[in-house]
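S.K.: Just so you know, we're using numbering that gives the first Met the number 0 here: the sequence shown kicks off at 0 and counts up by one.
Treat the hints loosely; a few may be bogus.
List time: in silico DSSO-like cross-link candidates among lysine-lysine, alpha-carbon distance up to 30 Å [unchecked claim]:
{"hint": "1", "residue 1": "Lys367", "residue 2": "Lys75"}
{"hint": "2", "residue 1": "Lys142", "residue 2": "Lys483"}
{"hint": "3", "residue 1": "Lys366", "residue 2": "Lys258"}
{"hint": "4", "residue 1": "Lys283", "residue 2": "Lys75"}
{"hint": "5", "residue 1": "Lys366", "residue 2": "Lys288"}
{"hint": "6", "residue 1": "Lys276", "residue 2": "Lys258"}
{"hint": "7", "residue 1": "Lys367", "residue 2": "Lys354"}
{"hint": "8", "residue 1": "Lys367", "residue 2": "Lys280"}
{"hint": "9", "residue 1": "Lys75", "residue 2": "Lys287"}
{"hint": "10", "residue 1": "Lys354", "residue 2": "Lys142"}
{"hint": "11", "residue 1": "Lys288", "residue 2": "Lys258"}
{"hint": "12", "residue 1": "Lys75", "residue 2": "Lys5"}
{"hint": "13", "residue 1": "Lys2", "residue 2": "Lys483"}
{"hint": "14", "residue 1": "Lys276", "residue 2": "Lys287"}
Note that these hints are calculated values from the structure, not bench results.
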Amino acid sequence: MYKNLKTKILESLSSVLPIVVIVLILNFTIVPIPIYTMGLFLLGAILLILGMGLFTLGADIAMMPMGERVGAQLTKSRNLVFLIFISLLFGIMITIAEPDLQVLATQVPSIPNMTLILSVAIGVGSFLVLALLRIVFQISLVKLLILFYAIVFLLAYFSPTKLLAVAFDSGGVTTGPITVPFIMALGLGVASVRGDKNSQEDSFGLISLCSVGPILAVLLLGLFFGVSSEEYMVQTQTTAENITEILLLFLNGFPHYFKEVAVALSPIVVFFLIFQKIYLKLSKHYVKKIYVGIIYTYLGLVCFLNGVNVGFMPVGNLIGSTIAQLQYHWILVPLGIIIGMFVVVAEPAVHVLTKQVEEITSGNITKKAMLISLSCGVGISVGLAMVRVLISVPIWYFLIPGYGIAITLSRFVPKIFTSIAFDSGGVASGPMTATFLLPLAMGACQTLEGEIMTDAFGIVAMVAMTPLVTIQILGLIYTIGENKRITIQPKEEKDNDIIEF
C-alpha cells in the first residue's frame, strides 16, 4: 500500500510542479507576490500534491470498484423501474454533495442557493438515468447529444444573457472529483453485463450526458427567476501577513473541509452499505478494502480542497488583477494558454479518466496522448476566456462554433473517441478551474471594470468545450493512421505472394 501511495504522490508532484514553476517565474518577473501570500501558495501546493496522491489511490481502491459493482447489479436485476429509481436517486445525492456546486450556488445572485442546487441535482439525476438507459438499449450517443444541445441552445436564446455563462459553467462543476469516478465506474458496470463488442465503447458518455442536465436546469430557472442587474463584486480571501497567519488559515480550513467532504461522501457510502447488505453481499475482506479506500479518498479530498481554496485562490486573483493593471495586459492571453495547459493536468478526475481510457482501450489510447490533447484543449480555452475578459466578447461567439465543430467531428471519428471527448469536457473543468482560473479571470475583469457575470463567468464552460474538439482530432489522427495501415498491409502481403511464386 505504501509503495502505491508513493507512486501516486510522485505522479501528483509531476502534475503540480509546472504550475508552481510558472507562478514562481511570474513572481520574479512581472507579478511580484507578497512573501506570505507566496507562502500560502507553496504550502497549498504541498497539500494539493498529498491530497491528489491520496485521492487517486482511494479512487482505485474504493470508488471505482463500488461503482462497477452497483452498475453491474442494476443491470443484472433486469428490472427497468429499479434501474431508473436507483440511478435517479444516486445522481441527485452525489450532485447535492458535490463541493464545486455549493461554491457556484453562492456566486449566483437572484436565485436561492438551495433552489439552484436542487434543480441542478435533478438535472444530473435525470440525465444519469438517460445515460444508463442509453447503454442498456444501445442508443447512439451522438444523436442524443445533437438533440439535447439543440434544445440547450434554443432555451439559451430565450434565457437572460447574464445567466448563459453560469448555466454552461454549472455543467462543468457538477462533474467534479466525487462524481466522476463513481459515475464512470457505474457505466462500466452496466456495460460489462452486456458483454457484446460495443459494450466498452458505450461505457463512456455518462459524464457528457450528465453535464447537459445542469445546463438545461439553470436555463429553465432563468426563465422564471431572471438575474439581478446589480453590479457583482468579487469576494477574495484575506491574505496572510506572517507565518502564524499562514498556519492559522490552513488549520482553520481543515475543520470546514473535514465536514464538507464528510457530507459529500456520506450519501455515497450509506447508499453502498445499503446496496451491499441487500444485493451485493460481498466478502468481508473486500468490503474492508473498500473502507480503507474510502478513508484515503476522504483524507485526499480534504487536503486537496484546503490546499487549493486557501493557497491557490488568493494567488490566482492577485495574478489576474496585477497583470490587468499593466500596459501590456494582452499578455493575459498567452499566459492563460500556458497556465491552462498545466492546470488541467492537476485535476484529480482527469487522472481517473485517462487511466480508465488506457485500460479500456488496451493501450491504443495512451494516458500520455490523452493528457497532451486535454492540455492543448484547455490551454486554448483559457486563452480565449482571457480574450473575453479583455474585450468583452459574448460567450455565444465561442460556444456555438465550438460545439458545432465538435458535433461535426463526431460524424468522422470512431464512437469511442466521441464518448471520451464529451466525457473529457466535464472532467477537465474541475476544482482547479473553479479555484485558480476563475479567480484569475475575476481579478482581471474587476481591475478592467468589466462585468463579472458575463465576462469572467464562462471560463468553466470554455474549459469544458475545447477538449470535445481536441480529443476528437486525436481520434481523427488515429483513424487516418489505421486506414493507412490497413491499406499498406494487403499490398505487402500481395508482394510477398509474388516473390514466393
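S.K.: Are the hints correct? Go through all of them and say.
M.R.: Status of the hints after comparison with the structure:
1. Lys367 with Lys75: Given pair Lys367, Lys75 is violated - Cα atoms ~35 Å apart, limit 30 Å.
2. Lys142 with Lys483: holds, 29 Å
3. Lys366 with Lys258: The given pair, whose Cα atoms are some 34 Å apart, is violated under the 30 Å limit.
4. Lys283 with Lys75: holds, 22 Å
5. Lys366 with Lys288: Holds. Lys366 to Lys288 sits at ~26 Å (cutoff 30 Å).
6. Lys276 with Lys258: With a Cα-Cα distance of about 26 Å, the restraint between Lys276 and Lys258 holds, given a limit of 30 Å.
7. Lys367 with Lys354: Holds. Lys367 to Lys354 sits at ~10 Å (cutoff 30 Å).
8. Lys367 with Lys280: Violated - the C-alpha atoms of Lys280 and Lys367 are around 38 Å apart, more than 30 Å.
9. Lys75 with Lys287: At roughly 24 Å apart (the allowed maximum being 30 Å), Lys287 and Lys75 satisfy the hint.
10. Lys354 with Lys142: The given pair, whose Cα atoms are some 27 Å apart, holds under the 30 Å limit.
11. Lys288 with Lys258: Holds, because 23 Å separates the two Cα atoms, which is no more than 30 Å.
12. Lys75 with Lys5: violated, 38 Å
13. Lys2 with Lys483: Distance ~42 Å between Lys2 and Lys483 Cα, so the pair is violated.
14. Lys276 with Lys287: holds, 14 Å
In the structure shown, a violation is registered for the earlier hints numbered 1, 3, 8, 12, 13, in ascending order.
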